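Protein chains in written order, with this note's numbering: chain Z, 1 to 130; chain P, 1 to 301.
Since the hints were derived computationally from the structure, they do not count as laboratory data.
Misleading hints may appear alongside valid ones.
As the list claims (entries may be wrong) - Only pairs whose alpha carbons sit at most 20 Å apart, straight line, appear in this in silico SDA-like list of lysine to any residue: (1) P:K44 <-> P:Q226; (2) P:K259 <-> Z:I81; (3) P:K78 <-> P:K140; (4) Z:K49 <-> P:E227; (5) P:K254 <-> Z:V62; (6) Z:K54 <-> P:I228; (7) Z:K30 <-> P:E227; (8) Z:K105 <-> Z:N85; (9) P:K140 <-> P:C123; (10) P:K219 <-> Z:K30; (11) Z:K44 <-> P:S220; (12) P:K210 <-> P:Q194; (13) Z:K49 <-> P:Q226; (14) P:K44 <-> P:L67; (15) Z:K55 <-> P:L67; (16) P:K200 <-> P:S220.
Just so it is clear, the structure is predicted and the values come from calculations on it, not from any experiment.
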Amino acid sequence: MKKLDIDPLFLIFSVLIIFILSIYTLNNKKEQKLDSFRSYIENKSTIIKYNDLKKSWATKSVQISKVNNIIKTMNIKNANIIQTNNKIEVNIKSNINNIHRFTNKLLNEKINIKRLKITKDSIYFQVGLI
Amino acid sequence: MSKNILLQKKNNYQINEDVNIILSPELYSARIFDIPIDSAKELKLVIPNFFEEYFNIEGYSFYHIKLDHHKYLCFAYKQSEILEILKQSNIDLKFVKNLYFLQNEIECQENELYEYEDIKYICSENIIVKIPSNIPINQKAKKLEIENISLSKHNIFLNKSSKYIDNKTAYIISFIFIIFALFNFYKMSVLNEQIDKYDKNLDNLKKQYKLPSSMIQTKSIINEYQEIENTNKEYRDACEYVLNYKHSINTQLKNIEYKNNKILLSFENKNKQQLENYIKKRYKILFSRVIGKNLSIEVKI
Chain Z
1 MKKLDIDPLF
11 LIFSVLIIFI
21 LSIYTLNNKK
31 EQKLDSFRSY
41 IENKSTIIKY
51 NDLKKSWATK
61 SVQISKVNNI
71 IKTMNIKNAN
81 IIQTNNKIEV
91 NIKSNINNIH
101 RFTNKLLNEK
111 INIKRLKITK
121 DSIYFQVGLI
Chain P
1 MSKNILLQKK
11 NNYQINEDVN
21 IILSPELYSA
31 RIFDIPIDSA
41 KELKLVIPNF
51 FEEYFNIEGY
61 SFYHIKLDHH
71 KYLCFAYKQS
81 EILEILKQSN
91 IDLKFVKNLY
101 FLQNEIECQE
111 NELYEYEDIK
121 YICSENIIVK
131 IPSNIPINQK
141 AKKLEIENIS
151 LSKHNIFLNK
161 SSKYIDNKTA
171 YIISFIFIIF
181 ALFNFYKMSV
191 LNEQIDKYDK
201 NLDNLKKQYK
211 LPSSMIQTKS
221 IINEYQEIEN
231 TNKEYRDACE
241 YVLNYKHSIN
251 TQLKNIEYKN
261 NKILLSFENK
271 NKQQLENYIK
281 KRYKILFSRV
291 IGKNLSIEVK
301 I
């Protein structure tokens with residue numbers, strides 16, 4: 001077998017360059033990983049926020065269900081509900097106590113109220129649907 | 001084809017092309033040894049010991065050629081000395097192609113004399129040696145036609161850095177650096193896997209929550225939803241603030257109407273100024289009017 005004729009200093013220098021290059025590339029890769037991690041965390045929190053907001057305010061079925069639930073829970077029989085593609089209008093006539101309780105319940109829920117009118121014996125509200 | 005040169009002490013050349021250097025016997029020591037070893041690796045280890053019997057081997061490099069079974073032609077040479085002679089002879093290292101031993105490049109016939117540029121050599125006990133110039137020789141010497149020699153495959157490598165570092169140390173240092181470099185490359189592959197994992201997880205989350213294709217679109221939708229949430233929150237805060245007043249002074253709120261970020265309030269209240277002052281602390285009053293016993297106030301949220 002032919003002996004590999006390489007100048008030792010040239011060999012060390014070449015290997016040293018490869019080693020330095022590996023450190024440089026590794027550091028770049030570490031930075032890249034850190035950026036990737038930051039981006040992942042940031043995007044994950046954005047996605048969770050998007051999901052929470054959408055579920056709370058912009059999911060049609062959830063908004064309708066919340067309104068129906070309040071009416072059902074308060075045992076209101078004479079609620080006049082008109083639902084279109086982009087809104088629900090509810091008109092309820094009742095005594096002052098029921099109106100107050102209903103108002104409290106309504107305002108404590110994450111319902112997208114567009115209009116609201118409360119008098120002593122009635123409540124009218126409009127819920128926006130996205 | 002490169003030119004051949006016999007390198008002797010006190011020569012001077014004008015070289016500007018690649019040359020093959022044939023070392024004269026004064027630049028190396030050659031011996032034939034019977035060594036009962038076949039392994040090249042072991043031979044390398046034992047050959048220095050054989051030369052040690054003749055001279056101090058410090059600073060020498062060694063080379064061997066197998067002649068017969070367990071019979072080896074061995075060479076010992078000083079790289080630094082050869083480098084020095086090359087320098088003195090005006091031969092630039094960049095033109096040196098290969099280095100050969102004269103011993104191995106010509107046929108050595110017992111007691112035959114050879115001559116090259118007035119320097120005589122003799123083949124004694126199968127080894128070519130230089131004859132000192134002060135010894136008179138009457139026998140006719142065979143002229144060495146160095147240019148016409150067809151060179152063998154046995155040549156040596158000249159370590160130009162031998163003054164600073166030997167081959168073994170260089171290989172050890174290089175090996176250590178290579179190990180570290182390989183370890184770094186391994187760590188890089190691990191980091192690459194982690195980066196891919198983050199990207200995959202993010203893609204899965206996007207699919208799971210049915211997000212728009214770009215994050216810019218997502219952020220724009222979030223802003224829209226955030227606006228809805230803020231408006232609702234502000235409205236609820238305003239209602240709470242107004243209703244707190246009603247409770248504190250036992251006034252009667254007759255109507256409350258919310259529309260387009262405005263609240264229209266209708267109170268049964270005699271103290272208009274007190275009520276207005278309370279609302280003004282946090283909200284802008286768009287209008288305030290007393291009609292009969294009722295006080296109507298429109299507030300901008």
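- Item | Given hint L67 (chain P) paired with K55 (chain Z) - CA-CA distance at most 20 Å | violated (90 Å)
- Message: So if I understand the rule, the pair passes when the alpha-carbon distance is 20 Å or less; does K219 (chain P) with K30 (chain Z) pass?
- Response: With Cα atoms ~28 Å apart, K219 (chain P) and K30 (chain Z) exceed 20 Å; violated.
- Item | 20 Å limit on alpha-carbon distance, applied to hinted pair K140 (chain P) and C123 (chain P) | Judged against 20 Å, a Cα distance of about 14 Å means the pair holds.
- Does K54 (chain Z) pair with I228 (chain P) here, judged by a C-alpha cut-off of 20 Å? holds (10 Å)
- Message: Hinted pair, alpha-carbon criterion (20 Å max): K254 (chain P), V62 (chain Z). Please report holds or violated.
- Response: With a Cα-Cα distance of about 32 Å, the restraint between K254 (chain P) and V62 (chain Z) is violated, given a limit of 20 Å.
- Task: With a cut-off of 20 Å on the C-alpha distance, tell me whether K44 (chain P) and Q226 (chain P) pass.
- Result: violated (80 Å)
- Task: Would you mind confirming whether the straight-line C-alpha gap from K210 (chain P) to Q194 (chain P) stays at or under 20 Å?
- Result: Violated - the C-alpha atoms of Q194 (chain P) and K210 (chain P) are around 24 Å apart, more than 20 Å.
- Does K140 (chain P) lie within 20 Å of K78 (chain P) when you go C-alpha to C-alpha? Violated. K78 (chain P) to K140 (chain P) sits at ~32 Å, over the 20 Å cutoff.
- Query: When you check the alpha-carbon spacing of K44 (chain Z) and S220 (chain P), does it fall within 20 Å?
  - Reply: holds (16 Å)
- Given the hint that K44 (chain P) pairs with L67 (chain P), test it: the Cα-Cα distance must not exceed 20 Å. Cα-Cα ~16 Å, so holds.
- Given the proposed pairing of K259 (chain P) with I81 (chain Z), does the C-alpha separation stay at or below 20 Å? holds (19 Å)
- Message: Check whether the Cα positions of K200 (chain P) and S220 (chain P) lie no farther apart than 20 Å.
- Response: The hint is violated at about 23 Å.
The structure shown violates the earlier hints numbered 1, 3, 5, 7, 8, 10, 12, 15 and 16.
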